[in-house]
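Could you build the full structure based on these sequences and the hints that come with them?
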Amino acid sequence: MNDSTGEARSGPSRRGFLTGTGAAAAAAAGLRGELAPAAQPNPAAPAHGPGPVLVELTVNGNKLSTTVEPRVTLLDALRNHLDVTGCKRVCDRGTCGACTVIVDGRTVYSCTMLAVEARGADVKTAEALGGDRLDPVPAAFADCDAQQCGFCTPGFVVSIRAALDKNPKATPEQVEAALTGNICRCGTYEQMRHAIVQLCRKGG
Amino acid sequence: MKNFTYHRPATVAAALPLLDAEWGKTELLAGGTDLLDRQKEYVSQPDKVVSLTGIGGAFKQIAAAGDAVTIGAGVKLADIAESKELAAFPALTGAAGEIAGPQIRNMGTLGGSLCQRNRCWYFRDEHVPCLLKGGKKCFALDGENEYHAVFTQGHPCVIVHPSTLAPPLIALGATAEVVGPKGTRTVPLEKLFQAPAKETQREHTLAPNEVLVAVKIPAKEPPRNASYEVKQRETSEWPLVQAAVAFRPFVKVARDVRVVLGHVAPTPLVSEAAAKALEGKEVTDATATAAGEAAAAGAKPLSGNGYKVALVKTVVKRAALLAAGARPYWEG
Ligand SMILES: Cc1cc2nc3c(=O)[nH]c(=O)nc-3n(C[C@H](O)[C@H](O)[C@H](O)COP(=O)(O)OP(=O)(O)OC[C@H]3O[C@@H](n4cnc5c(N)ncnc54)[C@H](O)[C@@H]3O)c2cc1C
Ligand code: SF4
Ligand code: FES
Ligand code: FES
Chain A
203 MNDSTGEARS GPSRRGFLTG TGAAAAAAAG LRGELAPAAQ PNPAAPAHGP GPVLVELTVN
263 GNKLSTTVEP RVTLLDALRN HLDVTGCKRV CDRGTCGACT VIVDGRTVYS CTMLAVEARG
323 ADVKTAEALG GDRLDPVPAA FADCDAQQCG FCTPGFVVSI RAALDKNPKA TPEQVEAALT
383 GNICRCGTYE QMRHAIVQLC RKGG
Chain B
5 MKNFTYHRPA TVAAALPLLD AEWGKTELLA GGTDLLDRQK EYVSQPDKVV SLTGIGGAFK
65 QIAAAGDAVT IGAGVKLADI AESKELAAFP ALTGAAGEIA GPQIRNMGTL GGSLCQRNRC
125 WYFRDEHVPC LLKGGKKCFA LDGENEYHAV FTQGHPCVIV HPSTLAPPLI ALGATAEVVG
185 PKGTRTVPLE KLFQAPAKET QREHTLAPNE VLVAVKIPAK EPPRNASYEV KQRETSEWPL
245 VQAAVAFRPF VKVARDVRVV LGHVAPTPLV SEAAAKALEG KEVTDATATA AGEAAAAGAK
305 PLSGNGYKVA LVKTVVKRAA LLAAGARPYW EG
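Listed in order, the protein sequences are those of chains A and B.
The letter at position 57 of the first sequence is residue 259 when you use my numbering, and the numbering goes up by one with no holes.
The letter at position 99 of the second sequence is residue 103 when you use my numbering, and the numbering goes up by one with no holes.
I should point out that these hints are in silico values taken from the structure, not numbers from a laboratory.
Each hint should be verified, as a subset may be incorrect.
Take a look, some chain B residues computed to stay more than 12 Å from chain A by CB distance [what the hints assert, rightly or not]:
no., residue
1, 8
2, 36
3, 37
4, 45
5, 55
6, 67
7, 101
8, 148
9, 150
10, 179
11, 220
12, 289
13, 333
Distance windows between CB atoms, simulated [unchecked claim]:
no., chain 1, residue 1, chain 2, residue 2, range
14, B, 202, A, 395, 47 to 57 Å
15, A, 388, B, 238, 30 to 40 Å
16, B, 65, A, 376, 20 to 30 Å
17, B, 308, A, 292, 21 to 31 Å
18, B, 236, A, 405, 30 to 40 Å
19, A, 287, B, 25, 42 to 52 Å
20, B, 101, A, 395, 16 to 26 Å
21, A, 376, B, 332, 16 to 26 Å
22, A, 324, B, 336, 36 to 46 Å
23, B, 86, A, 388, 43 to 53 Å
24, A, 367, B, 336, 38 to 48 Å
25, B, 201, A, 293, 26 to 36 Å
26, A, 376, B, 140, 50 to 60 Å
27, A, 395, B, 88, 29 to 39 Å
Note that the Cβ used here is the ideal one computed from N, Cα and C, for glycine as well.
Structure (structure tokens):
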């Protein structure tokens with residue numbers, strides 16, 4: 203099964219590869235994967251990997267890049283390679299919503315998308331809602347005490363932000379409907395409801 | 005997850021030469037919501053993954069032209085649910101809008117929904133060598149089978165087909181466009197599915213080197229249609245049982261009735277008996293109830309799923325009434 207970094211039990215793991223050969227070699231292997239792929243049947247669709255592949259993407263407005271094997275999910279690339287840790291790894295199976303990020307304007311489960319599939323994408327994570335100018339969504343969560351352990355919170359606030367961006371006049375019911383892909387194990391739903399009502403009253 | 009080489013062709017034509025003639029070593033990737041799950045569980049261990057997400061144009065569009073609406077296989081479930089072009093097909097848009105939550109609908113595609121693998125927990129467990137993984141027996145037959153088939157029809161593997169888009173599309177008379185090494189073929193949607201019995205068969209009839217490119221729904225005078233499903237909880241859950249109903253109103257009666265059941269058999273199941281119970285009749289509480297009874301007749305539940313027989317009656321009745329425009333009295 204997967205270990206906590208999303209690596210596998212068979213085949214050269216990223217960690218083994220890095221410790222064995224050094225990061226520079228890993229980067230060179232990334233280039234090798236990109237520029238001189240193995241024999242391919244169609245030059246229009248080159249093979250990437252199985253070694254590390256260059257992934258460039260925009261995260262919260264910053265252009266970032268890393269090299270990861272094709273099997274690495276967007277979630278693990280963000281958390282383990284790019285130090286963007288707002289998105290959480292809880293189920294890693296597309297059922298809980300803790301890893302929710304916005305890719306090109308739509309919420310997705312970053313645990314269920316390959317990082318290579320996000321090349322060139324515009325990614326927004328919970329970090330985009332924090333900082334000096336706190337976004338109204340996490341502000342309402344703080345106001346209404348809408349979290350306990352807080353593990354689900356980045357996913358919920360990202361989903362709510364996306365719903366209100368899509369429809370700033372959304373009703374609390376409509377916002378709740380946009381949260382059907384997020385689960386809170388602590389059951390802090392009632393406080394989240396208060397936060398949502400407050401947000402809708404203020405118009406997002 | 006086992007590592008693999010990754011390709012992202014820009015056209016269907018460029019994808020074809022990358023595919024194998026046999027299942028196992030190569031997988032197509034669309035939204036990844038089913039495939040990644042299987043890879044993480046080591047149920048699928050492809051050496052090569054061919055992504056379809058770089059293919060643009062008609063593959064990702066819904067187009068109304070002449071007397072048909074064509075939905076590209078790469079269209080997202082969320083876009084089907086909200087499509088204006090598909091407004092005449094609430095059976096389809098409604099079913100799409102019920103799938104999982106927004107994130108899955110933003111990722112999952114039509115092609116992936118129709119080609120997703122079954123949800124049998126023995127199948128999804130790497131360590132259980134059942135028929136579909138090259139083993140000798142079906143573990144659900146005398147195991148935990150509450151979500152399995154009630155119309156097993158002698159099939160050795162008793163899964164239910166997982167797609168909730170398949171029953172409405174079949175009820176609407178849709179066809180699938182499939183491209184392979186020998187060119188394009190058109191398949192009536194009910195013929196796209198089969199009951200698999202061994203490792204070398206899938207829940208669909210596509211060859212391993214074929215790609216589903218689009219689904220076409222006849223749109224000339226669309227029938228009245230609706231889909232209704234019962235779930236254990238409202239979200240992030242496949243239905244327990246689903247029915248899609250379509251018919252043409254003729255004066256006061258229903259003509260060309262189609263009733264298709266979901267989640268009761270290894271394939272979406274066309275119920276001729278239920279259709280016959282409504283054909284030429286006005287859709288009323290009484291005839292809709294009779295259709296439900298007819299649909300459930302002949303069901304042979306397994307040890308743990310007898311409850312599904314009662315649900316078949318309910319979903320057929322409610323789908324028929326919804327298609328006829330009745331107010332959903334059950335919502336209170
Ligand atoms: C919590 C949860 C609840 C769900 N509930 C429902 C539900 O109620 N009803 C329902 O129908 N589904 C449900 N689903 C399943 C979901 O709809 C599918 O996972 C999704 O539609 C698959 O689409 P995808 O594009 O992500 O497919 P992928 O995971 O990319 O692919 C799935 C399979 O289809 C093949 N494939 C994809 N596209 C093509 C193509 N064009 N031609 C040939 N083969 C292709 C792939 O090779 C792969 O084997 C649920 C999923 C989750 C996680
Ligand atoms: S129902 Fe099919 S998939 Fe499930 S255990 Fe039986 S043979 Fe395997
Ligand atoms: S970690 Fe991605 S949905 Fe749970
Ligand atoms: S606050 Fe703990 S899971 Fe939601």
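Flag every earlier hint the structure violates by its number, smallest first.
When the structure is compared with the hints, numbers 1, 2, 3, 4, 5, 7, 15, 23, 24 turn out to be violated.
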